[in-house]
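> Here is what each chain is made of, one letter per residue.
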Amino acid sequence: MSAATATTSTRAPTTLSAAGEPAASRASGQWRRFVNPLLVLGGVIVGLAILFVIVYPMVSPHSPTEPNFSVETFAPSSWAHPLGTDNFGRDTLTRLAYGGRIDLVIAFAATSVTLVVGGALGLAAGYFGGWFDSLLMRLVDFTLTLPYLVLVIALVAVLGTGAWNIVYAIWLVGWVAYTRIIRAETLVARRLEYVEAARVIGMGEHRIMFRHILPNVVSAALIFAMADMVLNILVSTSLSFLGLGVQPPNPEWGLMVAEARDFFLRDWRLITYPGLAVLVVGAGFGLIGDGLAQALRPRG
Amino acid sequence: MTGYILRRLAYMVPVLFLITLFIFFLVRFVPGDPAAIMLGTRASEENTAELRAYLKLDEPYWVQYGVFMRNLASGDLGDSIRQRRPVTDILMERLPPTLFLVTYAAILSVLITAPLATAAALNRGRWIDQAVRVYALVALAMPAYWIGMMLLQVFAVKMQVFPVAGYGDGFLGHLESLFLPALALALAVSSILIRSLRNSILETLGADYVRTARAKGLNGRSVFVWHVLRNSAMSTATILAVNLAFLIGGTTIVETIFAVPGMGQLLVKAIFDRDYPIIQGMTLAIGVLVLFINLITDISYAILDPRLSYS
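Chain order of the listed sequences is Y and C.
Take the first sequence: its position 6, counting from 1, is numbered 619 in our numbering, and each next residue is one higher.
Take the second sequence: its position 260, counting from 1, is numbered 554 in our numbering, and each next residue is one higher.
Derived from the structure by calculation, the hints contain no laboratory data.
Please note: incorrect hints may appear among the correct ones.
Over the 10 Å line for every Cβ pair with chain Y, so calculated as not near, a few chain C residues [unchecked claim]:
id	residue
1	Glu344
2	Leu385
3	Lys452
4	Ile547
Here are the in silico distance ranges between beta carbons for each label pair [what the hints assert, rightly or not]:
id	chain 1	residue 1	chain 2	residue 2	range
5	Y	Asp875	C	Gly460	14 to 22 Å
6	C	Val428	Y	Asp875	42 to 50 Å
7	C	Phe465	Y	Gly743	36 to 44 Å
8	C	Leu469	Y	Arg879	37 to 45 Å
9	C	Ala330	Y	Phe745	51 to 59 Å
10	Y	Asn700	C	Phe586	31 to 39 Å
11	C	Ile597	Y	Asn649	43 to 51 Å
12	Y	Arg879	C	Val361	53 to 61 Å
13	C	Leu466	Y	Pro695	45 to 53 Å
14	C	Phe311	Y	Trp784	22 to 30 Å
15	Y	Leu835	C	Leu469	42 to 50 Å
16	C	Lys452	Y	Val653	34 to 42 Å
17	C	Ala501	Y	Leu835	31 to 39 Å
18	Y	Phe823	C	Phe465	53 to 61 Å
We put the CB at the ideal spot given by N, CA and C, even for glycine.
Required output: the full structure, derived from the provided sequences and hints.
What follows is the structure, given as structure tokens:
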């Protein structure tokens, strides 16, 4: 999905700027870069979504799984049921909150681990090169040849269905994108003058890698991580939609779409809301990614 | 040119090797006896023992892999547990619908992308540009299964403009039956294409030869069509090829929703049936398909683009 983000950047180190400026205003200048409309809007959307999936289940009096035949099924919106009820009389908003909780946890668990592991491997491959690099790159080529979704589905065939098995499957294949990006950036950063300088004055390999190269290459990975969050939300909800992830009666956005398919003509809302939820949260992460790109790469 | 093609083929070898290794171990990592797994739950003792001997499952992994590769070379991917016939035969039936769907979706995605990206690039910074940007963001985050279900329900079930499921008969039948699934896929892919094409058009607009063409007195439209669009088409094809794997991955979802009898649908079905020979076969076929189309794309560039020397 994302070769587009894998461009290289050669951002100059910021340490040399603003010689006589007071530290405070320099810090606020740094900070101001992050206050761009894209980043703020994306942050607000994602922040509200996280707040919603954490808080709403605590305050909602309804069960997300227990059928409730004492209330009307397919009920219209009301104070008791803001988004109505489903075919079992369950409150749709409550189910959306519980479902979103699972999806966000899956996406975050999947993305954060692949970001760190894949990034570390890419840093090592780009910095040290050699057989380790060659071997890793063949693995990357292989993984990028097979469609991500097909790889995850094939791995779920081995691991078995279930939410955590999707996470494990993504861990196994998701790191390659970060490895490729960070490796490419490291290859560029390794030749920057100040890295040469650090080597000349006798700094250790670890110090050069983590103190001088890492800060330069990490922004590309962070920007990609936001697109990756979108991708992982789409992949995990897709698998649940196919019946390979979260199992009923538990709510999950993809599964909710699948369960509502037979009721579309009777009640279009049941299919629409969970899909919209995926869309809005995904767009939120997309906006954060664009905003980060704007803040971290002024040229881009 | 021959040298380039040979080198390009040589580059495929390690990737192909890893794909075969992946599907080889796929079955062996499922808990239980691989022979029993590959024959399904209803297999007899003798049959299982026979397959164990045939696949040399009592020998070390490298011997097993040798046997696996020898069988693969002769087109033997084992038998489907569910359908009780060779995976290769099933694959041959499943390949055409998927190829048709992927090609169709690729064409539709270009038809969606080209006008939107052009409009955005020519009106840079204005509201059209912003609107296209919002479209790209929404299309990126929009789940294919969701938009697929919506299209199915609205246009096939309710309005009955398109068939609900299947592959249709003849070329026109395929075009009609696969329109909605191809559209669902194309929308997802267009989100990636639009941004790249917009930026590529902007880049070309600033290029020297375009300025020269303008200076020669060619009018804006012909400069745009002959110089800008032609060059951008090339880069769109590249981006499309790069995202081919993504496009093919999406077929698992839309083929399942629209009951298209292709490889993606079979792969998903096979997981519920625990039909491991099918899972192996489809995964391998999809990988080879992506490699093969990428190879064709690269070779076409080498032929079409005289600036690049590949000797």
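> Now tell me, hint by hint, if it's right for this structure.
Against the structure, the hints:
1. For Glu344 of chain C, the requirement that its beta carbon stay farther than 10 Å from each beta carbon of chain Y is met, with the minimum near 24 Å.
2. The non-interface label for Leu385 of chain C is consistent with chain Y: the shortest C-beta to C-beta separation is roughly 15 Å, beyond 10 Å.
3. A cut-off of 10 Å between C-beta atoms contradicts the statement that Lys452 of chain C is not in contact with chain Y; the least separation is 6 Å.
4. Listed as a non-interface residue, Ile547 of chain C fails to keep its Cβ farther than 10 Å from every Cβ of chain Y; the least gap is roughly 6 Å.
5. Between Asp875 of chain Y and Gly460 of chain C the C-beta distance comes to about 19 Å, which sits within the given range of 14 to 22 Å.
6. Val428 of chain C and Asp875 of chain Y have their C-beta atoms about 32 Å apart, which leaves the hinted 42 to 50 Å range violated.
7. In this structure, Phe465 of chain C and Gly743 of chain Y break the distance hint of 36 to 44 Å, their C-beta atoms being roughly 53 Å apart.
8. Restraint check, Leu469 of chain C to Arg879 of chain Y: a C-beta distance of roughly 31 Å breaks the suggested window 37 to 45 Å.
9. At about 38 Å, the CB distance of Ala330 of chain C to Phe745 of chain Y disagrees with the hint of 51 to 59 Å.
10. Range check, Asn700 of chain Y to Phe586 of chain C: about 45 Å between beta-carbon atoms, so the 31 to 39 Å window is missed.
11. A C-beta distance of roughly 44 Å is found between Ile597 of chain C and Asn649 of chain Y, which places it inside the suggested range of 43 to 51 Å.
12. Taking 53 to 61 Å as the suggested C-beta distance range, the pair Arg879 of chain Y and Val361 of chain C conforms, at roughly 55 Å.
13. Take Leu466 of chain C and Pro695 of chain Y: their Cβ atoms lie about 47 Å apart, and the range 45 to 53 Å holds.
14. Hint check: Phe311 of chain C to Trp784 of chain Y, Cβ distance near 23 Å, so the stated range 22 to 30 Å holds.
15. For the hinted restraint 42 to 50 Å between Leu835 of chain Y and Leu469 of chain C, the CB-CB distance of approximately 43 Å keeps it satisfied.
16. The hinted range of 34 to 42 Å is satisfied by Lys452 of chain C and Val653 of chain Y, whose Cβ atoms lie roughly 40 Å apart.
17. Ala501 of chain C and Leu835 of chain Y have their C-beta atoms about 32 Å apart, which keeps the hinted 31 to 39 Å range intact.
18. Look at Phe823 of chain Y against Phe465 of chain C: about 59 Å separates their beta carbons, and that is inside 53 to 61 Å.
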